[in-house]
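All chains, please: the whole structure from these sequences, using the hints.
Residue numbers (the working numbering), protein chains in the order written: chain A, 11 to 295; chain B, 11 to 295.
The list makes no distinction among identical chains, and a pair is therefore deemed to hold if it is satisfied within one copy or across any two copies.
Here are the simulated SDA-like cross-link-like pairs (lysine to any residue), alpha carbons at most 20 Å apart as the crow flies: (1) 108 - 97; (2) 105 - 177; (3) 108 - 32; (4) 105 - 32; (5) 105 - 19; (6) 108 - 26; (7) 105 - 26.
Source of the hints: derived by calculation from the structure; they are not laboratory data.
There are 2 protein chains.
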Amino acid sequence: MNEPEFIAALRSLPLHPGARNLDDDCALITIGGETLVINHEMMAEDTHFLPDADMADVAWKLVASNLSDLAAKGAEPIGVLLGHSLGRDDARFVKGLKEALVAFGVSLLGGDTVAATGASTFAMTAIGRATHHPVPARRGARVGDAIYVTGTVGRAMLGFEGAAEHRDAFNRPQPRIIEGLALAPVVTAMMDVSDGLLLDCWRMANLNRVTFAIDPSTVPVADRARADECMRWGDDYELLFTASHTATLPVHAHRIGAVIPSGIAPLLLGGAFMVSSANLGYQHG
Amino acid sequence: MNEPEFIAALRSLPLHPGARNLDDDCALITIGGETLVINHEMMAEDTHFLPDADMADVAWKLVASNLSDLAAKGAEPIGVLLGHSLGRDDARFVKGLKEALVAFGVSLLGGDTVAATGASTFAMTAIGRATHHPVPARRGARVGDAIYVTGTVGRAMLGFEGAAEHRDAFNRPQPRIIEGLALAPVVTAMMDVSDGLLLDCWRMANLNRVTFAIDPSTVPVADRARADECMRWGDDYELLFTASHTATLPVHAHRIGAVIPSGIAPLLLGGAFMVSSANLGYQHG
Chain A
11 MNEPEFIAAL RSLPLHPGAR NLDDDCALIT IGGETLVINH EMMAEDTHFL PDADMADVAW
71 KLVASNLSDL AAKGAEPIGV LLGHSLGRDD ARFVKGLKEA LVAFGVSLLG GDTVAATGAS
131 TFAMTAIGRA THHPVPARRG ARVGDAIYVT GTVGRAMLGF EGAAEHRDAF NRPQPRIIEG
191 LALAPVVTAM MDVSDGLLLD CWRMANLNRV TFAIDPSTVP VADRARADEC MRWGDDYELL
251 FTASHTATLP VHAHRIGAVI PSGIAPLLLG GAFMVSSANL GYQHG
Chain B
11 MNEPEFIAAL RSLPLHPGAR NLDDDCALIT IGGETLVINH EMMAEDTHFL PDADMADVAW
71 KLVASNLSDL AAKGAEPIGV LLGHSLGRDD ARFVKGLKEA LVAFGVSLLG GDTVAATGAS
131 TFAMTAIGRA THHPVPARRG ARVGDAIYVT GTVGRAMLGF EGAAEHRDAF NRPQPRIIEG
191 LALAPVVTAM MDVSDGLLLD CWRMANLNRV TFAIDPSTVP VADRARADEC MRWGDDYELL
251 FTASHTATLP VHAHRIGAVI PSGIAPLLLG GAFMVSSANL GYQHG
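Next comes the structure, spelled out in structure tokens:
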């Protein structure tokens with residue numbers, strides 16, 4: 011099975027209401043009047059990191075990518091659980107994990123350790139506390155809303171290629187926790203951009219049965235000459251969100267388009283409909 | 011690093027109070043007057059299952075082993091998050107996952123899917139609601155307490171070897187959820203027996219700085235002629251607990267010994283001190 015087929019099969023299982031039909035990145039558990047926001051991510055050698063990667067960077071990215079999903083829900087992080095495959099440079103892994111936890115003010119809750127053979131896989135579950143209700147979701151974008159993205163896309167791509175000033179954007183990404191907390195009361199829908207801006211626009215529009223009309227000239231890209239690639243590369247961990255076009259944003263973000271009624275495709279890019287999500291970003295499996 | 015070294019290194023990280031110094035199997039998060047009990051387990055090919063294993067059984071065991079840890083905390087399961095490596099028999103995996111969730115009355119909260127190369131690794135985070143405070147822990151055994159175990163140990167071993175009547179004990183273990191809920195108000199300490207009864211006795215005694223005096227003739231074993239092996243094999247998922255020797259137990263369990271002041275070793279087995287935990291059970295990495 012590929013990923014969409016597998017997720018479709020999972021929808022035949024008993025789903026918790028907080029799973030929201032597996033349409034979102036995080037699950038919600040409401041208990042004692044509070045809502046917990048829970049995210050689980052895996053990182054696999056060869057797929058998410060190269061065998062010669064610095065394990066400190068791998069650990070950092072594992073934390074950052076999890077917290078990025080919490081950020082998109084406006085959640086205040088509580089802690090993380092780690093699933094660790096022993097046998098790589100475990101000391102470097104612990105060092106990077108510590109640096110990330112300290113940098114983001116998050117603590118370790120627990121986890122599990124396995125002796126694994128072959129390629130390594132790491133898992134993390136991050137748990138946060140929702141600060142705004144309703145909790146922002148991928149669903150919620152309305153026709154007439156404006157579309158925004160924080161920061162600049164394409165920095166991780168340039169960092170991966172070796173550009174010194176962007177290397178940290180690839181190796182040590184910063185989840186937009188503060189921005190997510192501030193934006194939660196303002197947005198109508200929000201997600202983090204981990205698989206490429208255009209692909210994530212396509213997905214969000216598709217889920218909401220609307221079309222995202224994106225003006226590429228307004229998208230903040232790290233290299234204007236390579237704008238198409240910047241909008242398709244993943245790993246940037248910025249926030250993509252929709253909000254009323256009259257809303258006053260509490261943090262800086264770039265307005266990159268507008269939500270319009272569903273057209274022949276979920277994405278209208280510079281006047282051209284993108285019927286397929288192929289070639290819009292990174293897709294698993 | 012091996013597992014104890016890695017866990018020791020993790021203790022230098024910022025730990026959540028609910029991590030309880032990483033001495034326990036589950037983390038606790040108290041929010042809105044409720045306490046959530048959270049467990050994370052990984053299963054790796056070659057280590058936890060053979061390459062030719064039925065993936066339906068692997069999925070079932072992943073759920074069961076997670077819920078077994080919740081059972082030892084007297085927690086009522088809420089749901090699970092799955093970390094799945096695509097590429098094995100994914101349809102069988104979903105089938106076994108569904109059977110386990112239905113059997114145990116638990117729902118899927120979410121998760122993540124990765125395309126992985128080589129040996130597969132699966133991860134699961136289980137979340138439950140504590141039903142009794144204080145939440146039972148590995149810590150808490152007191153000198154004078156009696157030591158108990160539910161069920162029979164060694165069944166998973168016989169099932170692994172092919173004995174038809176014990177095959178389900180290995181492939182489709184039953185976490186002691188109901189027993190854990192009933193026992194939570196009575197026990198002074200509790201854990202599940204996943205790595206072998208004697209090793210887990212040794213660990214619990216060591217953590218509590220006491221000695222567990224175990225009378226092997228009272229240990230319920232699946233094959234009396236192979237009692238030593240039955241007490242050392244893992245995967246049985248019974249509950250090991252201590253309670254006042256005058257306590258009335260709400261469920262059936264076997265009294266296998268008594269907690270005595272710390273002697274020269276954490277385990278006194280039929281009159282012989284076990285100084286080392288080597289050869290008492292299954293140890294990772």
